[in-house]
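K.L.:
First to last, the protein sequences are chains W and Z. Taking numbering that gives the first Met the number 0, I'd label the letters of the first sequence as residues 0 to 275. Taking numbering that gives the first Met the number 0, I'd label the letters of the second sequence as residues 0 to 275.
Rather than coming from a laboratory, the hints here were simulated on the basis of the structure. Wrong hints could be hidden among the right ones.
When chains are identical, the list treats them as one kind, so a pair holds in a single copy or across two.
With a Cα cut of at most 27 Å, we get these calculated DSS-like pairs of lysine-lysine [to be verified]: (1) 263 x 120; (2) 218 x 26; (3) 169 x 57; (4) 165 x 267; (5) 218 x 263; (6) 200 x 169; (7) 19 x 229; (8) 263 x 107; (9) 218 x 120; (10) 169 x 38; (11) 229 x 247; (12) 169 x 37; (13) 82 x 56; (14) 267 x 247.
2 protein chains.
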Amino acid sequence: MTVGIIGLGLMGGSLAKAVKKYNIANKVYGYVRNDEQKKEVLDLSLVDEVVDIDTLKKECDLIVLAVAVDTIIDLMPQLLDIKETTTIIDLGSTKEIIINNIPSNIRKNFVALHPMVGTEKNGPKAAIDNFYEGHIVVLCNIEDNDEFHSNRILNLFQDIGMKIVKMNAKEHDIHSCYMSHLPHVISYSLANTVMGHEDPKSIIALAAGGFRDMSRVAKSSPRMWTDIFKQNRENLLESIDLFEAHMKSVRDMVENENYDELEKWMVKANTLHEIL
Amino acid sequence: MTVGIIGLGLMGGSLAKAVKKYNIANKVYGYVRNDEQKKEVLDLSLVDEVVDIDTLKKECDLIVLAVAVDTIIDLMPQLLDIKETTTIIDLGSTKEIIINNIPSNIRKNFVALHPMVGTEKNGPKAAIDNFYEGHIVVLCNIEDNDEFHSNRILNLFQDIGMKIVKMNAKEHDIHSCYMSHLPHVISYSLANTVMGHEDPKSIIALAAGGFRDMSRVAKSSPRMWTDIFKQNRENLLESIDLFEAHMKSVRDMVENENYDELEKWMVKANTLHEIL
Numbered sequence: 000m001t002v003g004i005i006g007l008g009l010m011g012g013s014l015a016k017a018v019k020k021y022n023i024a025n026k027v028y029g030y031v032r033n034d035e036q037k038k039e040v041l042d043l044s045l046v047d048e049v050v051d052i053d054t055l056k057k058e059c060d061l062i063v064l065a066v067a068v069d070t071i072i073d074l075m076p077q078l079l080d081i082k083e084t085t086t087i088i089d090l091g092s093t094k095e096i097i098i099n100n101i102p103s104n105i106r107k108n109f110v111a112l113h114p115m116v117g118t119e120k121n122g123p124k125a126a127i128d129n130f131y132e133g134h135i136v137v138l139c140n141i142e143d144n145d146e147f148h149s150n151r152i153l154n155l156f157q158d159i160g161m162k163i164v165k166m167n168a169k170e171h172d173i174h175s176c177y178m179s180h181l182p183h184v185i186s187y188s189l190a191n192t193v194m195g196h197e198d199p200k201s202i203i204a205l206a207a208g209g210f211r212d213m214s215r216v217a218k219s220s221p222r223m224w225t226d227i228f229k230q231n232r233e234n235l236l237e238s239i240d241l242f243e244a245h246m247k248s249v250r251d252m253v254e255n256e257n258y259d260e261l262e263k264w265m266v267k268a269n270t271l272h273e274i275l
Numbered sequence: 000m001t002v003g004i005i006g007l008g009l010m011g012g013s014l015a016k017a018v019k020k021y022n023i024a025n026k027v028y029g030y031v032r033n034d035e036q037k038k039e040v041l042d043l044s045l046v047d048e049v050v051d052i053d054t055l056k057k058e059c060d061l062i063v064l065a066v067a068v069d070t071i072i073d074l075m076p077q078l079l080d081i082k083e084t085t086t087i088i089d090l091g092s093t094k095e096i097i098i099n100n101i102p103s104n105i106r107k108n109f110v111a112l113h114p115m116v117g118t119e120k121n122g123p124k125a126a127i128d129n130f131y132e133g134h135i136v137v138l139c140n141i142e143d144n145d146e147f148h149s150n151r152i153l154n155l156f157q158d159i160g161m162k163i164v165k166m167n168a169k170e171h172d173i174h175s176c177y178m179s180h181l182p183h184v185i186s187y188s189l190a191n192t193v194m195g196h197e198d199p200k201s202i203i204a205l206a207a208g209g210f211r212d213m214s215r216v217a218k219s220s221p222r223m224w225t226d227i228f229k230q231n232r233e234n235l236l237e238s239i240d241l242f243e244a245h246m247k248s249v250r251d252m253v254e255n256e257n258y259d260e261l262e263k264w265m266v267k268a269n270t271l272h273e274i275l
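With the sequences and hints as input, model every part of the structure.
P.N.:
The following block contains the structure:
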């Protein structure tokens with residue numbers, strides 16, 4: 000198979016490495032925005048060749064959109080004239096708005112998915128060949144795809160070691176909101192709270208007790224996450240409100256010294272033990 | 000040196016192992032609350048002998064209070080008749096209220112400190128001999144200790160591989176609040192929010208994107224953390240208010256679709272990169 004990847008950061012670059020590692024692709028093309036990025040991905044040998052989008056469309060069996068979620072939508076008009084046998088996938092963290100924007104004449108070719116794996120790192124240098132192994136990939140609304148395309152993608156992600164979960168896009172966006180987008184908002188808030196209050200010396204000295212873990216995702220790309228928050232705005236607002244109700248409740252319990260109630264509330268949180 | 004440790008969970012048990020590993024103690028006594036715990040710590044060979052507090056006072060050069068912060072204070076009246084050469088330390092996460100409660104006739108012997116290391120795990124089984132290595136220990140208000148006692152403790156913690164930071168107790172409690180206690184409150188809130196909304200199946204399937212890291216400390220002991228929140232109540236309320244101002248601000252930016260402002264706010268959080 001010939002694979003073309005648009006965007007060669009952590010996600011795209013790691014997929015480029017994975018399809019080579021597992022002999023899924025005999026040739027991997029890449030598309031990047033500028034010459035600086037071109038030099039970087041070629042120096043890192045992430046792809047065999049960096050080409051333009053026309054070449055991708057002509058040569059590739061699979062085109063991967065591994066860019067920010069708004070850019071995925073921006074790219075769609077350029078992909079209208081792909082071959083019937085060409086499959087497109089996107090790796091975006093939101094799914095409903097992306098799917099609603101897929102032009103009808105490529106809807107059958109376009110498999111919308113979300114690999115449930117990530118770190119706060121980004122960029123081509125962060126790419127590794129086993130990034131996806133052992134993790135879950137969520138395929139959304141694949142009943143709208145031709146089986147030729149959906150089966151190709153099912154096989155590909157199984158071949159690189161991922162577990163497949165199928166889900167409705169609306170559902171996916173709600174779950175992703177609670178499991179990922181809300182935690183990101185909270186982490187950014189915590190990081191800004193602590194850096195607004197504490198000097199760097201104290202942060203370094205005392206960063207053992209929880210802050211290090213909880214602020215890790217606040218290092219994630221603001222460009223990428225602004226688009227995600229934008230596309231999942233309604234779910235996000237709802238989840239912030241639910242979280243805020245808990246914050247208000249814990250604040251009240253501390254303020255009013257209801258320590259028995261506070262302890263019970265924490266015991267409830269502890270049941271997470273049984274799940275994760 | 001003969002060391003006696005009251006409380007043999009993760010913190011106390013790991014210290015018991017460390018003073019043996021580095022040949023600091025020729026004998027380690029332990030005190031635990033009940034027969035079940037006694038059996039467990041002896042089965043794990045954490046201490047040479049489990050004894051009562053009178054024996055600890057008679058035999059030990061160093062008595063370690065490795066129990067919940069309120070229990071540290073509850074134990075003080077039992078320690079009034081120690082020998083002049085006996086040193087006491089506590090490993091509590093709060094320092095000001097503990098120090099204010101130290102009876103004056105043992106103030107010189109009692110070195111109040113806080114090892115800046117922890118996990119969500121607890122109990123004797125979690126104890127490991129290199130738990131403290133490479134981490135920071137904060138010693139508070141040591142100008143109130145006899146040099147004999149403070150030097151003994153400085154040496155001991157250096158010998159087990161810790162870096163020493165000296166700090167005023169009031170300052171310690173503020174820093175610990177932002178770096179640890181606030182993150183714990185937030186993690187408990189996030190865990191309760193997500194478990195109140197998501198089914199366990201989705202949590203397991205989708206727990207990659209941030210939630211796993213950010214909910215880890217919500218597995219910590221509610222008993223222990225209730226006491227910490229209680230003792231650091233005023234700082235905690237203030238830090239919750241600062242955090243809540245950020246949460247309100249991010250909610251407003253999303254609600255009003257001020258995405259440029261939102262991105263700038265996240266870029267600010269990103270500067271954490273330069274510190275941690």
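K.L.:
Just pull the numbers of the violated hints for me, sorted ascending.
P.N.:
Numbers 2, 3, 4, 7, 8, 10, 12, in rising order.
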